[in-house]
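Chemist: Sequence:
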Amino acid sequence: VHVGAAAAAWLAVNLPVYLRAPTGWGRFLELSRTRPADHDSLYRVVEEYARAGASFPVDGLNVVTAALFVAAAGAVVVAGSRRRDPAATWELFLPLLIAFLLTGKVYSPQFSLWLLPLMALSLPRLAPFLCFCAADLAVWLVRFPWLGGRQGFTPAPGYGAFALVVLLRAVILVWIAWVTVHQGAAYPHAVDDDARAAPVAG
6 VHVGAAAAAW LAVNLPVYLR APTGWGRFLE LSRTRPADHD SLYRVVEEYA RAGASFPVDG
66 LNVVTAALFV AAAGAVVVAG SRRRDPAATW ELFLPLLIAF LLTGKVYSPQ FSLWLLPLMA
126 LSLPRLAPFL CFCAADLAVW LVRFPWLGGR QGFTPAPGYG AFALVVLLRA VILVWIAWVT
186 VHQGAAYPHA VDDDARAAPV AG
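6 is the number of the first residue of the sequence shown in our numbering; add one for each residue after it.
Hints listed in this document are in silico derivations from the structure and should not be mistaken for laboratory results.
Watch out, some of these pointers could steer you wrong.
What follows is a set of in silico ranges between Cβ atoms, one per label pair, in the way DEER data are often shown [what the hints assert, rightly or not]: (1) Gly79 with Leu118: 25 to 33 Å; (2) Leu36 with Ala132: 35 to 43 Å; (3) Phe116 with Val18: 15 to 23 Å; (4) Gly153 with Ser60: 19 to 27 Å; (5) Ser86 with Trp145: 34 to 42 Å; (6) Phe105 with Cys138: 18 to 26 Å; (7) Pro160 with Asp90: 51 to 59 Å; (8) Ser86 with Gly153: 39 to 47 Å; (9) Ala71 with Val18: 21 to 29 Å.
Each residue gets a CB set at the ideal place from its N, CA and C atoms; glycine is no exception.
Generate the whole structure from the sequences, applying the supplied hints.
Modeler: Printed below as a string of structure tokens:
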């Protein structure tokens, strides 16, 4: 029911735009298909240090990103579904989104806004959330001076500093995904239906 409703809403919004301006509607998809790895992505770190700065071929990179996301999403679903009540399966949206962000070619600054509501709903402790906020802030604080340095502004950090904070944020996101997937047994969110339905004593 939920999937059908989501599909109907997507069609209601997108179909009129596609019929009116198909080229404009598909511009984002075309850009996503043809763009190389973004500065904030893990692939760019690999390109810089394992390929001496040479970019991966875009077509091959598209295949790799898709395959890695499917593998990561499959692992999340299999591991997460075994450890939680079906009523709490929604918690897996957070690690699935993290898998999408980390395996994608692009990690745009606004992606952090996508994560915040799911973290607020899913994380049982405050520490992982605060660690992510600190790491994401560090990426911002290094990113813009580094980009300024590419335009000739000084002083500016080198790419090594930027790669370090990007990797730190990725490690913290993997940690958050692991916590969310495995919290079903240690942090049950759902109350047993029988216990919920039982009358209160007294």
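Chemist: Against this structure, judge whether each hint is valid.
Modeler: Here is what the structure says about each hint:
A hinted range of 25 to 33 Å holds for the C-beta pair Gly79 and Leu118, which are about 26 Å apart. Range check, Leu36 to Ala132: Cβ separation about 37 Å, and the 35 to 43 Å hint holds. Against the hinted window of 15 to 23 Å, the Cβ-Cβ separation of Phe116 and Val18 comes to about 21 Å, which satisfies the hint. The given range of 19 to 27 Å is respected by Gly153 and Ser60, whose C-beta atoms sit roughly 22 Å from each other.
Hint check: Ser86 to Trp145, Cβ distance near 35 Å, so the stated range 34 to 42 Å holds. For the hinted restraint 18 to 26 Å between Phe105 and Cys138, the CB-CB distance of approximately 20 Å keeps it satisfied. The given range of 51 to 59 Å is respected by Pro160 and Asp90, whose C-beta atoms sit roughly 53 Å from each other. Evaluation of the 39 to 47 Å hint for Ser86 and Gly153 yields a pass: the beta carbon distance comes to about 46 Å.
For the pair Ala71 and Val18, the supplied restraint of 21 to 29 Å holds, since their beta-carbon distance comes to about 25 Å.
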